[in-house]
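**Student:** So you can see what is in the structure, the chains are spelled out below.
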Amino acid sequence: MDITNYVVLAAALFAIGATTVLLRRNAIVVFMGVELMLNATNLAFVTFARLHGDLTGQVLAFFVMVVAAAEVVVGLAIIVTIFRTRRSASVDDVNLLKG
Amino acid sequence: MFPWLTALIAWPLVGAAVVGLGSLGRSRTGSASAGVGLARPLALLFSLVEVVLLVGAFAAFDTGAAAEHQLAATYPWIPQIGASYAVGVDGVGLLLVALAVVLVPLVLLAAWQEQGRDEVRLRRFVGLVLLLEAFMVAVFCARDVFLFYVLFEAMLIPAYFLIGGFGQGAGRRQAAVKFLMFSLGGGLIMLAAVIALYFLAVGAGVDPSRAFLVDELVGVDLGATAERLMFVGFFIAFAIKAPMVPVHSWLPDVAGNASPGTSTLLICVLDKVGTFGMLTLCLPLFPEASRWAAPFVIALAVISVLYGAIMAIMQTDLLRLVGWTSVSHFGFIILGIFTFTPLGTAGSSFMMLNHGLATGALFLVAGFLVSRHPEKSQRITDYRGLRSVTPVLAGTFLVAGLATLSLPGLATFVSEIMVLIGAFGGAPAGSAAWTVAAIPGVVLAAVYVLLTYQKIFTGAPAEGLEDLPDLKARERFVAAPLVAGLLVLGLVPGLALTYVDAPAEQSAALTAVDEPADAAAQMGSDK
Amino acid sequence: MNDVIGLAPWLIGFPLIGAAILLLGGKATDRWGHWLGVLASAASGVVGFILMFRMIGTPAEERSIDHHLWTWLSAGGLDVDLGIRLDPLSLTFVMLVTFVGTLIHVYSVAYMDHDPHRRRFFAYLNLFVAAMLTLVLADSYLLLFVGWEGVGLASYLLIGFWDTGRPSARENAVAAKKAFVMNRIGDMGLIAAMALMFSAVGSVRFADVLPAVAGDGTGPASALISTGTATAIGLCLLLAACGKSAQFPLQAWLGDAMAGPTPVSALIHAATMVTAGVYLMVRSGPILEAAPTAQLVVVIVGAVTLLFGAVVGTAKDDIKKALAASTMSQIGYMMLAAGLGPAGYAFAIFHLLTHGFFKAGLFLGAGSVMHAMSDQTDMRRFGGLSRFLPITWITMGLGWLAILGIPPFSGFWSKDGIIEAAFIPVEGQPWRAWVFGTVAVLGAAITAFYMTRLFFMTFGGRRPRWTEGQHPHEGSPLMWWPLVFLGVGSAALGAVLGIGGTFTTWLEPVVGQAEHHEPVLPVPVIITVTLVVVVLGALLAFRMYAVQLVPEEAPRGSVLTRAARRDLYQDAANETLVVLPAHGVARLVQVGDRDVVDRGWGVLPQAVSWFGAVFRKAQSGYVRSYAAGMAGGVLVIAAVAWLVVGLGGAQ
Amino acid sequence: MNPAGLVISTGETVLFWVIAPLMVLAALGLLFVKRAVHAAMCLVFVMVSMAVLYIAQEAPFLGVVQVVVYTGAVMMLFLFVLMLVGVDASDSLTETIRGQRWIGLLIGLGLAVVLGSVVARAAFPPAVGLNGGDPGGVANPQALARVLFGDYVVAMEAVGVLLVTAAVGALVLTHRRRLTPKQNQRSVADARIKALPDGVVLTPLPSPGVYARSNAMDTPALGPDGEQVPQSVSRVLRIRGQERPAPHVPADELVHTPESERDA
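Chains as they are written, first to last, in numbering that gives the first Met the number 0: chain D, 0 to 98; chain C, 0 to 526; chain X, 0 to 650; chain U, 0 to 263.
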């Protein structure tokens, strides 16, 4: 098996994650899409680390995980706050930026 | 040597910081602030100390070399783009600095009770006034095109808030936006010209680290077409600032909606940057283009004279009327500048000062009048017969009005007659004809001043106005220096003319560089 | 002379200081302010006397002195001193202004006794005297202009003196404004004239400009004024004179100016200020002489005004307005004389002087009558007053005879001189002598008619036509002593100065010596004809207004009468020809400013907001749309980058 | 593939081909399932599988971290929030923004195509493999730690700060300003007493009618008057409409509560 299969898998997951962000309306699910994209990149990082024999890729993946954790914390807090005030978790209901 | 100009610029900034600091971060209704009631006295103190500094600057100024830019100081500011902090004033600049510095304490005093009693609001108001003062003084001192441009735009910030936040009219916000849009529009065109000027100057061999200094730029050959284009860029910005038909639309709205004190600072001082810029930047930097554009500019100036006067006659709003008179007077100033005669230029320079005093007096006295009306009405027809009710107010208004119509004996007359007599013999084509066309402006001035006086102060007193109070001591203190200044400068104009004469000669010589024969004739007739 | 020249500034200084004290002193000066005013004027008069006596003692060729005070303005090649020019012409005016002025001050003390603002009145009067003296003493056109506008201001303030608190307050204010604005129209001429002088000569001093015109070589050779320029300057100066002296076509303000207190009418609108135009013409004589066309226009203006004023005067029932029309007409005479060249200058000034006395006397007499009749001014409500106001009657009678030109009263000496000068032929234009001579004689006849009418409607008649409750009586001595002085002056001044040409000789240093020309008719014939028509005119008026009964209501009258009552439709003409078109233009500008200029600039923000509205639709507010945009953008960039790098670059 | 560098074992190949399709399927579940909870479950599956792949790819440490952080912490957080928002709130899949579905799909496909073709066309160097690259090397966690606390120690610290900041941020964001005075036991008791006239019951609510037939938590108790007491059934069951009528009471003694009233 070719190691690039991992990369193809990562690409597929990334595309699915992006599509999720674009199509789902529940803010939490949208967020999950984002997580999926992050995971997909991590997979690519790990794969390339192995491909190049360089641990930096893994380090980077590690940092991505940490940052993603921070992002999830804040993001979910925002969702909760919005939900509290608007009684809705749909991203389409938050459209005050409408010009 | 003591850096007088820098001190004059910095001191109001310090004042603005000290006074204005208390206003930040507090809500409008927040009242519990330390030093309640200190804002106005403190600001007045700062502005009075500034007057003392001004006296020092006058003492240090050598009138024998009034055409030179004295008290100068140059420090590198942003060397990468050649911008410097360069200040210096010739006689004209010094007089305008004096105008700004003298008017500010009077405006503060005049607006003593105008902005209510909320301390935070007052701090904001006086802080903005001091900030504006610093910028205005700085712009008259700037000897670096980039610095000039930055200050030219920076002035808009306090002015915008003063109009929009502290005005009296219902349309003050729109007026503020209109003012800002017009000024910014002109400023952006000027910015383009400023940048072009820099690169062309560097291309012509000027040291890139000094290529914004006016003194370096004078006399540099930039190519005829480029020079004309840049002239137009500068001129549009200045024409908007010194409201000239047809880019005057913002002025009446501002005059009608801003508080009289703001209008005074704005129209009597800030707008002078326009004519001052024409005199000290357009003419020396682009002499050939100035000659090229002069016939057109003169025509517009004369149209402004008549247009402003006619519009003033047709106004029903007192403060708008005063605003329109300024359009007319700025027309005279520009006419004097662009006919390139020493007499006309000197007259225009002097008129910049006098217009500030006369129109300032008219604005402030009109403000006193409006503040007395139970409904703060600005409609002229809401007043009648007030001479018997408020004789001192009526007298002051009349004197200010007579100054506006250039009655001999008052300073405005001297400058106006200098402009008219000088402009008549100007070099640009059509000077004489356009000057004659401007003369009816003096009749129209009589009409708008006396018609207004007649409507407001004569006849039987209007109902509800029978017992308005006359001018209070504070208000007399405001009017007295202006009236006294107009009288003294009218009887002894030499006090001011020594400052403007030499710069005017120099300016006329710059623009007359192609006609040595004319210059010689001029010199001959001087004897 | 030089030892007293230092006093000259005090001529202006005394009244100016008086005015300043009275204006700034406030209520503290209410009690004695009027006497301060009188004192200031009198002090100025004393100085004038001293200067004049010293000048009489000076040789004729040294009688023109320029006294430099300080440099007023000096910039850009224009140097104007605050300087005084003392010569017979200016001193004549000084004497007239201070003497008549002081008398009128004294008169006003009594006349304005009950007015609460008497102090302010005297302040303005002093201001006027100062300005008028500045006007006549100035040594340059610019300084003259200062006085010129200064008297305009004083006139404005005094016409509108009663601009509040009376039923007619608003009309008074309008009259004051009208006077100032029409004067300003004239002032345009003076400004233009100065501009022309400066561009031609480089100076506006009399001492530089006038010799330059004369071409006597004293000015810079290159700066000689050409005939065309001289004509332009002359016409501009004439415009100024027309405004100030209420000459056609700027005459309309004078009648309305009678809204001011009567002493004001006597001093400003009869004796002094309105004659400033004549002074200007005579002062600028060399310019006019260099411009025959301008001279002709001056004469025409004078002649037209002369007849105009006289015709209007015949129909006025308001005693002050009748006198105002008469003033206008008499100044027409002076203007006519001033346009005749050196032959007429002396008589123009002479008539100005005598007119100053008798017209001031007539006005003060009218004031006295009004004072006695509770401010009634309608002559149809007077009649038979000679028994009740004997002093007024006699002094006004002297003034009446003087204005008629009956020898030996003063008007005869001056007016006759003008009529004779009008008959002097002009080379190449023989019609001029006949036309203007005839006009002058005709004017004299009409003058006789309307003044006789005025006199007998007021004092004559068997039956008084008073309104109820009138108890006419002479005023205080303060009021009638000035009348006596002026009456004596009206009677005697002409003879004193006229016999033997004393006055003409006195003025010669200024106006130059007139070459002697014979009129087209012999002088005795002219005098006889003039006297005959004057007596005829007077007799006609006597028959109509003294012998026959005067109706209390004005009869409808002929077309001419009705026209004259309405000032020959001058206001209607101004309204139609100037005000309405001007208002139309102003409306046009106003609408243009709002709908074209302002709205035109409004197009810019509208365009911006239109574009904004278009692009706003992209901003749906849906975060997913934005995300789609972003992702699409990334996709496009990635695709492009890949295509460029991947396909274009080396694989 | 350069066998000298890295040899992928058959076991790994099998593992990959088993897990990868499942992962893609689970990821697609994110797109198509209706309930957010199911989506979360799909994601958990993807993440756990990811951990397996990490371990297979010589990154055991990351595999463990993946399980701990993602499935253990992040996904738990998601579930908590889901419960807060409402577990059963299902998401309608009908699109409200016009064209968004097609645009989204197009972009997704486009991304897949672009990424896929990039990978396909890219020329990779011979795979080295971590052990191959570091023959005398230590085990993965230690090696990773060396790099992390050696070359990247500053970044590590910065990330620590970031985490703290994020935690504080989350606190601040979810903090609710107290609008009413804080309730203590006393005030609660007082409030209940005060609300007595409004029909609040002070005593404990009656327990459901427990009958031996079932566990019967869904059956209302009967009052002394023979009436059913609706409050005796858990509110959740009532809202779900899962309560049952009490069966043993004779029909004539029962006042049957209509379905609608019970729901209210």
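Because the hints were derived from the structure by calculation, they are not lab data. One thing to keep in mind: the hints can contain errors.
Restricting the straight-line Cα-Cα distance to at most 27 Å, the calculated cross-link-like pairs of lysine-lysine (DSS-like) are [said to hold, decoys possible]: (1) Lys26(X) / Lys471(C); (2) Lys97(D) / Lys26(X); (3) Lys471(C) / Lys375(C).
Computed spacing ranges between beta-carbons, pair by pair [said to hold, decoys possible]: (4) Arg34(U) / Lys616(X): 57 to 65 Å; (5) Arg615(X) / Val487(C): 41 to 49 Å; (6) Gly429(C) / Phe610(X): 48 to 56 Å; (7) Phe610(X) / Lys471(C): 49 to 57 Å; (8) Arg34(U) / Asn94(D): 23 to 31 Å.
Glycine is no exception: its CB is placed at the ideal position from the N, C-alpha and C atoms.
**Student:** Does each hint hold? Answer for all of them.
**Tutor:** Here is how each hint holds up against the structure:
no., hint, result
1, Lys26(X) / Lys471(C), "holds (17 Å)"
2, Lys97(D) / Lys26(X), "violated (70 Å)"
3, Lys471(C) / Lys375(C), "holds (17 Å)"
4, Arg34(U) / Lys616(X): 57 to 65 Å, "violated (34 Å)"
5, Arg615(X) / Val487(C): 41 to 49 Å, "violated (59 Å)"
6, Gly429(C) / Phe610(X): 48 to 56 Å, "violated (41 Å)"
7, Phe610(X) / Lys471(C): 49 to 57 Å, "holds (53 Å)"
8, Arg34(U) / Asn94(D): 23 to 31 Å, "holds (24 Å)"
The structure fails hints 2, 4, 5, 6 (numbered hints given earlier, in ascending order).
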